[in-house]
Amino acid sequence: MLGEFEYLLITTAARLGDNAYGAAIREGIEEIAQRKCSIGALYTTIERLEGKGLITTWMGEATPERGGRAKRMVRVTGKGVRAAKEFYDSVMRVSSGASWATSRTGEMR
Amino acid sequence: MTFNVFWPLVEFAARPLHQDEQDAVLGDSLEAGDSFGKALAGVLGLVAHRQLLRWRSWRPWFATFLLALPASYLLVYVSISVACTFGRLMGMKIGHWAPTGHEGFLMLLCHIFLLITWSWTSGFAVGSVSPLTLCSTLAVCCVNFLPYGMHLRNESISPYYSLLFVAPAIWGVLQGKRTRRLSLPIALLLASTMTVLTAAAWLNGALWIFNWLLICPAWFLVATARRSGGDWDRPSTSRMQRSIRA
Numbered sequence: 001m002l003g004e005f006e007y008l009l010i011t012t013a014a015r016l017g018d019n020a021y022g023a024a025i026r027e028g029i030e031e032i033a034q035r036k037c038s039i040g041a042l043y044t045t046i047e048r049l050e051g052k053g054l055i056t057t058w059m060g061e062a063t064p065e066r067g068g069r070a071k072r073m074v075r076v077t078g079k080g081v082r083a084a085k086e087f088y089d090s091v092m093r094v095s096s097g098a099s100w101a102t103s104r105t106g107e108m109r
Numbered sequence: 110m111t112f113n114v115f116w117p118l119v120e121f122a123a124r125p126l127h128q129d130e131q132d133a134v135l136g137d138s139l140e141a142g143d144s145f146g147k148a149l150a151g152v153l154g155l156v157a158h159r160q161l162l163r164w165r166s167w168r169p170w171f172a173t174f175l176l177a178l179p180a181s182y183l184l185v186y187v188s189i190s191v192a193c194t195f196g197r198l199m200g201m202k203i204g205h206w207a208p209t210g211h212e213g214f215l216m217l218l219c220h221i222f223l224l225i226t227w228s229w230t231s232g233f234a235v236g237s238v239s240p241l242t243l244c245s246t247l248a249v250c251c252v253n254f255l256p257y258g259m260h261l262r263n264e265s266i267s268p269y270y271s272l273l274f275v276a277p278a279i280w281g282v283l284q285g286k287r288t289r290r291l292s293l294p295i296a297l298l299l300a301s302t303m304t305v306l307t308a309a310a311w312l313n314g315a316l317w318i319f320n321w322l323l324i325c326p327a328w329f330l331v332a333t334a335r336r337s338g339g340d341w342d343r344p345s346t347s348r349m350q351r352s353i354r355a
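First to last, the protein sequences are chains A and B.
By our numbering, the letter at position 40 of the first sequence is numbered 40, and the numbering carries on one by one without gaps.
By our numbering, the letter at position 171 of the second sequence is numbered 280, and the numbering carries on one by one without gaps.
Chain A with its partners taken away, still in its complex shape (with noise of 0.2 angstroms):
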């Protein structure tokens, strides 16, 4: 199963969809999850990801405000839908009876 930053990572890149690369997954994450989002941890997730086979990655084409450097592209394989929405149905399972979770939906509703 996934851990939470990995989920955050696949979800932050289906959204962005073509568009998901570093800067702009980091931007994401910092953005929705309002956490920091260190470099390091965003490449070495990256790469445990393209392992498990749950993203693939290539390089991508330079622009000048990165100073002329490829942008390391992203996309998010089926292998990885899956494992984002299993992720997702086990975290809504245990959350259900859970206080919090039923005033949210209570919210939504």
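Hints should not be assumed to be uniformly reliable.
[What the hints assert, rightly or not] Listed below are several chain A residues computed to face chain B (Cβ distance under 8 angstroms; list not exhaustive):
hint : residue
1    : Ile39
2    : Arg72
3    : Gly97
[Claimed, not checked] Negatives, chain A to chain B, calculated, CB over 10 angstroms:
hint : residue
4    : Gly3
5    : Glu4
6    : Leu16
7    : Glu31
8    : Ile32
9    : Arg35
10   : Lys79
11   : Val91
[Said to hold, decoys possible] Calculated Cβ distances over 12 angstroms to all of chain A for the following chain B residues:
hint : residue
12   : Val114
13   : Trp116
14   : Phe121
15   : Ser138
16   : Val152
17   : Gly196
18   : Leu198
19   : Leu218
20   : Val249
21   : Leu272
22   : Leu283
23   : Leu297
24   : Leu299
25   : Ala308
26   : Ile318
27   : Cys325
No lab work stands behind these hints: they were computed from the structure.
Since the structure is predicted, the reported quantities are computational estimates derived from the model, not experimental observations.
Glycine is no exception: its CB is placed at the ideal position from the N, C-alpha and C atoms.
Since the structure of chain A is provided, determine the placement of chain B on it from the hints.
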């Protein structure tokens, strides 16, 4: 960007990373407008993690603790011994430095040849076995010099003479990193010559008994030169590097 002046430091810190990963990481830092401290900490964290991953293989352990560390420990003493002998033959007042340092001119030449070849073969073996963890290996070997500088404080020669072996060792490391293995005839010739000269020096009382260990890297090079297949000389590469190459 507010850290232009220090940016080369961040780039330097990222040098151990694969070129593509350097591009991705440094480009991300630039694009995000990270402060110098944040960029440097991020890069150093990643480099440290990559180094740690490489230590999951047997290679760095073998290169560091069975080759580099004992060899550098012994070569420090051999360097001092050669310096003592040279100084004494030049008429300098050198304090007694047991168990060696009392040889004649011919034995000094033999000792110098052995110092160079011991250092070179040790360096070559280290560079060929684990070329990706040389910085960590070097850092571990520096431990050898801490007690030694103190030990030599009262001696009549400079502690810097203990570093005589460093230049041929670095030469060997670079060669080993580049060529990975010697051809069998050269490796055999080198190891045999070193063994004969080590025996000659030993019989003349010019060596410490543990100096015999210093010919092990030379015979290791012979053993690895013999093999035509196998994967011992393929460096461990990270998954990212493999995928990027693919």
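key: A:Val91 non-interfacial with respect to chain B [C-beta, more than 10 angstroms]   = At about 27 angstroms from chain B, A:Val91 clears the 10 angstroms cut-off, so the statement holds.
query = Is the nearest CB of chain A more than 12 angstroms from the CB of B:Phe121?
reply = Since the minimum Cβ distance to chain A is about 15 angstroms, B:Phe121 lies beyond 12 angstroms and the statement holds.
ask   = Taking C-beta pairs only, is B:Leu299 more than 12 angstroms away from all of chain A?
value = holds (40 angstroms)
12 angstroms cut-off, C-beta based - B:Leu218 kept clear of every residue in chain A = holds (52 angstroms)
task = Please confirm whether B:Ala308 is truly not at the interface, meaning its C-beta sits more than 12 angstroms away from all C-beta atoms of chain A.
result = holds (50 angstroms)
Distal placement of B:Leu272 relative to chain A, Cβ over 12 angstroms = For B:Leu272, whose nearest Cβ neighbour in chain A is about 34 angstroms away, the distance exceeds 12 angstroms, so it holds.
message = The output says B:Val249 does not contact chain A. Does that hold with a beta carbon cutoff of 12 angstroms?
response = Given that every Cβ of chain A is farther than 12 angstroms from that of B:Val249, nearest at about 23 angstroms, it holds.
ask   = Are all beta-carbon distances from B:Val114 to chain A longer than 12 angstroms?
value = Label holds. Min Cβ-Cβ 15 angstroms, cutoff 12 angstroms.
key: Verdict on A:Ile32 as a residue remote from chain B, using beta-carbon distances over 10 angstroms   = The claim holds: A:Ile32 sits with its nearest Cβ about 16 angstroms from chain B, beyond 10 angstroms.
ask   = Just checking, B:Ser138 versus chain A, shortest CB gap more than 12 angstroms?
value = violated (7 angstroms)
task = Answer holds if the nearest beta-carbon of chain B is closer than 8 angstroms to that of A:Arg72; otherwise answer violated.
result = The hint holds - A:Arg72 has a Cβ within 8 angstroms of chain B, the shortest such distance being about 4 angstroms.
task = Taking the shortest Cβ-to-Cβ distance between B:Ile318 and chain A, state whether it exceeds 12 angstroms.
result = The claim stands: B:Ile318 keeps its Cβ more than 12 angstroms from every Cβ of chain A (closest is about 47 angstroms).
Hint compliance for this structure: hints 3, 13, 15 and 16 are not met, and every other hint is.
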